[in-house]
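Undergrad: Each chain is listed here by its residues.
There are 2 protein chains.
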Amino acid sequence: MITPRTAAGTLELLPREQRVFQHMFDIIRRGYEKFGFNQIETPVFEMRDVLLTKSGGETEKQVYFVQSTGGIQQGHEADMALRFDLTVPLARYVAEHERDLAFPFRRYQMQRVYRGERAQRGRFREFYQCDIDVIGKDKLSPAYDAEIPAIIVQIFEELKVGDFTIHFSNRKILRGLLAGYGVEDEEKQKLILREIDKLDKIGADKVHEAMVSLGLTNIQAQQLLSLITSQGTKDEIVELLRVLDQKPNEVFAQGLAEVTQVVETLRAMGVPEKRTRLNLSIARGLDYYTGTVYETLLDAHPEFGSVCSGGRYDDLAGHYTKSNLPGVGISIGLTRLFDQLNANGLLPPAPATVQILVAQLDPALAPHYLALATELRSAGFTVEAYLEPSKLDKQIKYADKAGIPVVLLLGGDEQAKGTVVVKDMAQKTQSDVARGDLAATLRGILGA
Amino acid sequence: MITPRTAAGTLELLPREQRVFQHMFDIIRRGYEKFGFNQIETPVFEMRDVLLTKSGGETEKQVYFVQSTGGIQQGHEADMALRFDLTVPLARYVAEHERDLAFPFRRYQMQRVYRGERAQRGRFREFYQCDIDVIGKDKLSPAYDAEIPAIIVQIFEELKVGDFTIHFSNRKILRGLLAGYGVEDEEKQKLILREIDKLDKIGADKVHEAMVSLGLTNIQAQQLLSLITSQGTKDEIVELLRVLDQKPNEVFAQGLAEVTQVVETLRAMGVPEKRTRLNLSIARGLDYYTGTVYETLLDAHPEFGSVCSGGRYDDLAGHYTKSNLPGVGISIGLTRLFDQLNANGLLPPAPATVQILVAQLDPALAPHYLALATELRSAGFTVEAYLEPSKLDKQIKYADKAGIPVVLLLGGDEQAKGTVVVKDMAQKTQSDVARGDLAATLRGILGA
Numbered sequence: 041m042i043t044p045r046t047a048a049g050t051l052e053l054l055p056r057e058q059r060v061f062q063h064m065f066d067i068i069r070r071g072y073e074k075f076g077f078n079q080i081e082t083p084v085f086e087m088r089d090v091l092l093t094k095s096g097g098e099t100e101k102q103v104y105f106v107q108s109t110g111g112i113q114q115g116h117e118a119d120m121a122l123r124f125d126l127t128v129p130l131a132r133y134v135a136e137h138e139r140d141l142a143f144p145f146r147r148y149q150m151q152r153v154y155r156g157e158r159a160q161r162g163r164f165r166e167f168y169q170c171d172i173d174v175i176g177k178d179k180l181s182p183a184y185d186a187e188i189p190a191i192i193v194q195i196f197e198e199l200k201v202g203d204f205t206i207h208f209s210n211r212k213i214l215r216g217l218l219a220g221y222g223v224e225d226e227e228k229q230k231l232i233l234r235e236i237d238k239l240d241k242i243g244a245d246k247v248h249e250a251m252v253s254l255g256l257t258n259i260q261a262q263q264l265l266s267l268i269t270s271q272g273t274k275d276e277i278v279e280l281l282r283v284l285d286q287k288p289n290e291v292f293a294q295g296l297a298e299v300t301q302v303v304e305t306l307r308a309m310g311v312p313e314k315r316t317r318l319n320l321s322i323a324r325g326l327d328y329y330t331g332t333v334y335e336t337l338l339d340a341h342p343e344f345g346s347v348c349s350g351g352r353y354d355d356l357a358g359h360y361t362k363s364n365l366p367g368v369g370i371s372i373g374l375t376r377l378f379d380q381l382n383a384n385g386l387l388p389p390a391p392a393t394v395q396i397l398v399a400q401l402d403p404a405l406a407p408h409y410l411a412l413a414t415e416l417r418s419a420g421f422t423v424e425a426y427l428e429p430s431k432l433d434k435q436i437k438y439a440d441k442a443g444i445p446v447v448l449l450l451g452g453d454e455q456a457k458g459t460v461v462v463k464d465m466a467q468k469t470q471s472d473v474a475r476g477d478l479a480a481t482l483r484g485i486l487g488a
Numbered sequence: 041m042i043t044p045r046t047a048a049g050t051l052e053l054l055p056r057e058q059r060v061f062q063h064m065f066d067i068i069r070r071g072y073e074k075f076g077f078n079q080i081e082t083p084v085f086e087m088r089d090v091l092l093t094k095s096g097g098e099t100e101k102q103v104y105f106v107q108s109t110g111g112i113q114q115g116h117e118a119d120m121a122l123r124f125d126l127t128v129p130l131a132r133y134v135a136e137h138e139r140d141l142a143f144p145f146r147r148y149q150m151q152r153v154y155r156g157e158r159a160q161r162g163r164f165r166e167f168y169q170c171d172i173d174v175i176g177k178d179k180l181s182p183a184y185d186a187e188i189p190a191i192i193v194q195i196f197e198e199l200k201v202g203d204f205t206i207h208f209s210n211r212k213i214l215r216g217l218l219a220g221y222g223v224e225d226e227e228k229q230k231l232i233l234r235e236i237d238k239l240d241k242i243g244a245d246k247v248h249e250a251m252v253s254l255g256l257t258n259i260q261a262q263q264l265l266s267l268i269t270s271q272g273t274k275d276e277i278v279e280l281l282r283v284l285d286q287k288p289n290e291v292f293a294q295g296l297a298e299v300t301q302v303v304e305t306l307r308a309m310g311v312p313e314k315r316t317r318l319n320l321s322i323a324r325g326l327d328y329y330t331g332t333v334y335e336t337l338l339d340a341h342p343e344f345g346s347v348c349s350g351g352r353y354d355d356l357a358g359h360y361t362k363s364n365l366p367g368v369g370i371s372i373g374l375t376r377l378f379d380q381l382n383a384n385g386l387l388p389p390a391p392a393t394v395q396i397l398v399a400q401l402d403p404a405l406a407p408h409y410l411a412l413a414t415e416l417r418s419a420g421f422t423v424e425a426y427l428e429p430s431k432l433d434k435q436i437k438y439a440d441k442a443g444i445p446v447v448l449l450l451g452g453d454e455q456a457k458g459t460v461v462v463k464d465m466a467q468k469t470q471s472d473v474a475r476g477d478l479a480a481t482l483r484g485i486l487g488a
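As given, the protein sequences belong to chains A and B, one line each in that order. In terms of our numbering, the first sequence is residues 41 to 488. In terms of our numbering, the second sequence is residues 41 to 488.
Simulated from the structure, these hints should not be mistaken for laboratory data. Treat each hint with caution, since some may be false.
Heads up, the list lumps identical chains together, so a pair's fine if it works in one copy or across two of them.
Listed below are the simulated DSS-like cross-link pairs for lysine-lysine, each with C-alpha atoms no more than 25 Å apart in a straight line [as the list claims (entries may be wrong)]:
| no. | residue 1 | residue 2 |
| --- | --- | --- |
| 1 | 230 | 246 |
| 2 | 179 | 434 |
| 3 | 179 | 437 |
| 4 | 468 | 437 |
| 5 | 314 | 274 |
| 6 | 434 | 274 |
| 7 | 274 | 437 |
Using the sequences and the accompanying hints, generate a full structural model.
TA: See below:
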């Protein structure tokens, strides 16, 4: 006998939880589609050289390699590996199918990704990412940078996971400021941005220290820290940047112009002001981002960290094509979000998958139960017919355990009268309903 | 520069095809839910010993093993492998979560599975399976064997892939007949059933030959072949079996009783007669099945082979639990079906994902375009706003290439008049529509 168990670092759900997960998944999908994004799906594995364009990096340490029995027998090195995000597959997809795609290419992709993380609570080796990206050819207006948070706001409002704020900034602002302070070297700028990204975790003193060790003076470090921790409305922060007492600088000016356009476009799209915040301390650790960056926090649970992050990048697929493909995108880490909400008792309610159980009261009437179930399915309900001759008690318990909100009972008497007994599992009530009124009564109970 | 390419044996789709695939996927999912099935998802990999309960089998030759960078460096053997079907994960799931599940447990699962097939047209190394199963505890009424084809009939009718027939039989009938012929050995019975399963491929002569070499007399082989190729309605075939000139036999009698119940239950559920056929030559190659077996053929394309198969099994999870868990299930191989339909120009039509493009006619009016898009999304449309300042010509071409059926044009004149120009891409017509009539006009064009 083999002990049935799942691999460490995976999230497998019971049907009731799976229903909530799928409900959230569907809301995200519909939200992406509403804004005109097209779905793509890519294979779970990519060719090794395609996936690992930069070998020896941090990523490679976490990659899962895939090999067939035949390959192992022949002593070959694995030539495929599981994707570790959806961005590399997107880059490969766009480069491979470039001629068949319409640009700006708007795609959504909601699939699982794989990372050989150390096994610990909240770290997953298999998890869903729900990504959208808009990819331009040679250019892409900063207006798209505003559309992304507008989409996320709609989705998170519909998810009903409490108040949330999308914090955004533009890496060009900090890079321009650093250049103005005399830190012209791009690599050094990136290192400083990476320290700023840790502000929440390590605190202002440590960041100040790191900045100084990377070449800023004490005063500059202080000024910068004070600027990036400024509180205020988006307009106030934009104004603050506009009047900054510093030499004009091309990169800074560009960043400011882009941020201003994002603020204006968000307004034109009718995004509620409170849902987005211009937060200059948002830097994102990934060097990959070149302009706008986003992080999303649940207001009541900042300890969850960012539940939806992304940004603008200059060139998506430089490893695969000579075409210049700038883009902007964002990703919801649904598995992690679901797990955090679940652990804190914050999962949103989800509609029942199975609405109605037709019980088997009298085996002799079985054909009538089947006909009743068929009739109700045609009326749009999801219906299970209990096909096993079994005690009523056991059938009611089954409905309760399975979370089915309505049980229908039909005996000889009801059949003769043309009625059905409707049992409301939540209210623990039951009533005799004429067949002609059945659908309306059920809709009332189910709120459908 | 690395050549962007997908691994052999995978099916990656362009957005237009993906939309059709997803449309079919959604119909299947809704169909399963309508009949009260609960979704589950399992990790893509299972522990090696859990997945490969019978080592050295045919299956193991096709398994993909998964190993992390760390594991490879330490010279470990891979301890995980990709699932090759959804049945083994289901067995593991039910055994692992037995106490938390309500029985009969009705689950659907639609995920990808992996097999190291030889790379050739129509053979996939990664493909979707869309499974439903009902799992009983200790017992499961044969009425469930009738529900399965009833569900598949609804789904395939909605898929609009032409006429189809679900062929079904019961392995007990053939096994009972063989026992009556003196072939009592179960292993030998299974071997003969496996030959019968090949009837369509190798022809009656070869099957006859094989039967004789496995112990039947010439006459017996002839009788059996003549019986299993009998044409007739379900009732006629049942009648034929009832009056068979043979010693009564427990296994045969059970098979006949079960088949009879399936035929009656199908009728009670209102399944159209022509959609199912009692076909005694259906045996399924897998020894796994113990009673009812199903295969589904597209009437106009028998050369596709069975596009949806399954059956009844006595014990799902004997490797993992002492509980006796009989079940019945079926699987749609969606990737292969989609590929076959596509290759033959038979893909069903799918609704457009993006219904409306709001063009950017005049960059100065950009905020109005965004507001218009937001307004239409609230009215339930899927809307893309073109945010790039760009020639109208190029935007129209973009909509055409992306398959967007309606483009909206809003210039200064229209803005002043309170109208919008609606461009119907399919009809190649356009008209000036008052803002108040816009939603209704769009619904008319989109047939929504």
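Undergrad: Kindly indicate which numbered hints from before are broken by the structure, ordering the numbers from low to high.
TA: 6, 7
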